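Top to bottom, those sequences are chains B and C.
Straight run, no breaks: the first sequence in this note's numbering ends on number 550.
Straight run, no breaks: the second sequence in this note's numbering ends on number 550.
Hints listed in this document are in silico derivations from the structure and should not be mistaken for laboratory results.
The structure displayed is predicted, hence computed values, not measured ones.
For each residue, glycine too, the CB sits at the ideal point set by N, CA and C.
It is possible that some hints are incorrect.
Now the stretches of chain C that chain B is said to cover, found in silico as 3 or more residues with beta-carbon under 8 angstroms [said to hold, decoys possible]:
| hint | segment |
| --- | --- |
| 1 | 407-415 |
| 2 | 418-425 |
| 3 | 431-441 |
| 4 | 480-492 |
Protein chains: 2
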Amino acid sequence: MTSTEKASVCVLGTGLIGGSLLRAAVGAGYDAWGYNRSPAGAQAAQADGFDVTEELPTALTRAAAADALIVLAVPMPAVGHLLSAVATFAPDCDLTDVVSVKAPVAEAVRKEGLSARYVGGHPMAGTAESGWGATDSDLFLDAVWAVGVDEGTHVEPWTRVVRLALDCGSVVVPVVAAEHDRAVARISHLPHVLAEALALAGASGGELALGLAAGSFRDGTRVAGTAPDLVRAICEPNSDALLAVLEETLTVLGAARDSLRANNSLADLVAAGHDARQRYETARRWEITDIRPGDHNWLANLRDAGQRGGVITRPA
Amino acid sequence: MTSTEKASVCVLGTGLIGGSLLRAAVGAGYDAWGYNRSPAGAQAAQADGFDVTEELPTALTRAAAADALIVLAVPMPAVGHLLSAVATFAPDCDLTDVVSVKAPVAEAVRKEGLSARYVGGHPMAGTAESGWGATDSDLFLDAVWAVGVDEGTHVEPWTRVVRLALDCGSVVVPVVAAEHDRAVARISHLPHVLAEALALAGASGGELALGLAAGSFRDGTRVAGTAPDLVRAICEPNSDALLAVLEETLTVLGAARDSLRANNSLADLVAAGHDARQRYETARRWEITDIRPGDHNWLANLRDAGQRGGVITRPA
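Isolated chain B (complex conformation) (with noise of 0.2 angstroms):
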């Protein structure tokens, strides 16, 4: 495929995330617009040369002209109306999202009837900031991009998908909604609360525990910095698989508690601990390379794979 081959974008949302996409699809080679809420996001995204328009339909209809692939890029509590648009103005485009929970995003597409068209993504990256003026091109290099391969799932929408975010510059991880949004609990949403904890509890100790604040209380609270809107917005979606990995958590810590009071030990924990950020360090990626989409079984092969910690690296 060369350049002029690479279908039409429309970016919904030109935040952190919508606009970075924005940013990479069109340094890709892609003819990409957006649409942004607020005059201001869309007149920053302007004044760098964007193309990102203040009114929903006006995007719309030309993605609709143009058979566009469209990508929704807001947070989860704003998915429902611009799906009630798309329905409206372009219900026969490709359809993906950047959301950071899947299967609340997919049942809200299935209200709207789009299911056909449909499949979930979510990129894994992001930083603290938020907004057009935190936007970059390269946010997505090197990062995991995840791609619904869940059951009626179609070829053509996801080889689109797929090709988008490699020609961004991540690799896909194939992957079912409940076991993404299982997962994201665990490594990104887990993360966030705990972060927001510890950075109360350094507060709690006032100027001087601020003052002595190192390395390892500035990255456990990084997150933190994250705007609650935002943080609430990303974590209370995916409230069942939080809930369960939250609780997880409470009994190892409780069990810490109990023995270092008991046993001024905090082995167990350290030892398991030590031993499950090895794993992490040492998990190796490996490529996909003998599924073709649209072969026999190939949603639950990918699945599979992808589970394994299989990702692909090279458009079909």
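With the hints as your guide, set chain C onto chain B.
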């Protein structure tokens, strides 16, 4: 003072902190040498041109002859053995330490009858690495170095310890042992405990979760990469203070769990955590300029200044 007037320094233990201190002191023009228990560690330092012996009496006899400032730079469990040797071979030397807790070291020093010459210290610097191979003469640059102002502290060892910390590129926070230990439980030991628990939660999600993990998990688990024995040696001697803040954090996390379950809301945790992180980011040190060692109430005044975010940036 010119560099030729600087006191000699004898560093006991040349791991990450002690070895970096030896490098920094030599770089700042001190006549400095070290002792390391492990022959491999001592030889690695020698190979880099540093004067490090495996013979503790040799290092200490030289310290006594040179009226050196002795620095204990070993984990808490090894402190008692070193102090007993100091009492035998160099009982009249000024003495400090860079151990992660202060009250237990002060108590061990008292048992050896060395309190009059002792001032506790703790540079708030480190990495997840350990051993001579990880040492760095710039480790203390722009770091905060806690220096004891406990009742009974004598001027001379105090000024020498402060001078050494400043010459290594740090600023000095004056603090008494018990308050130091409570503060580091919040900003150093709790971060270790939470990092271990987070690493465990991530690894329990298998290859898929670890494969999707990005910045928030990487940063939140970084210190779980520290050697388990070292984490235990840092945290367990401070168990009273750590237990108190761990209990506090279990309460905060339990309330967040309850709120998420009952109202699908993390509003309270996220608002408070974000506010706390803002307090950390906007905390500004101010320079203590008007308190001279030996002045009436100098220890109490320094303690009070340290509690309010004051730091010492220049020798008295």
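task: Examine the segment 480-492 of chain C for residues whose CB is less than 8 angstroms from any CB of chain B, and state whether their number is three or more.
output: holds (count 10)
query: With a cut-off of 8 angstroms between beta carbons, are at least three residues of the segment 418-425 of chain C near chain B?
result: holds (count 6)
message: Under 8 angstroms between beta-carbons, do enough residues of the segment 431-441 of chain C, three at least, approach chain B for the coverage claim to hold?
response: Three-residue rule met by the segment 431-441 of chain C, so holds; n is 11.
message: Please check whether the segment 407-415 of chain C has three or more residues whose CB lies within less than 8 angstroms of a CB on chain B.
response: holds (count 4)
Taken one by one, the earlier hints all hold for this structure without exception.
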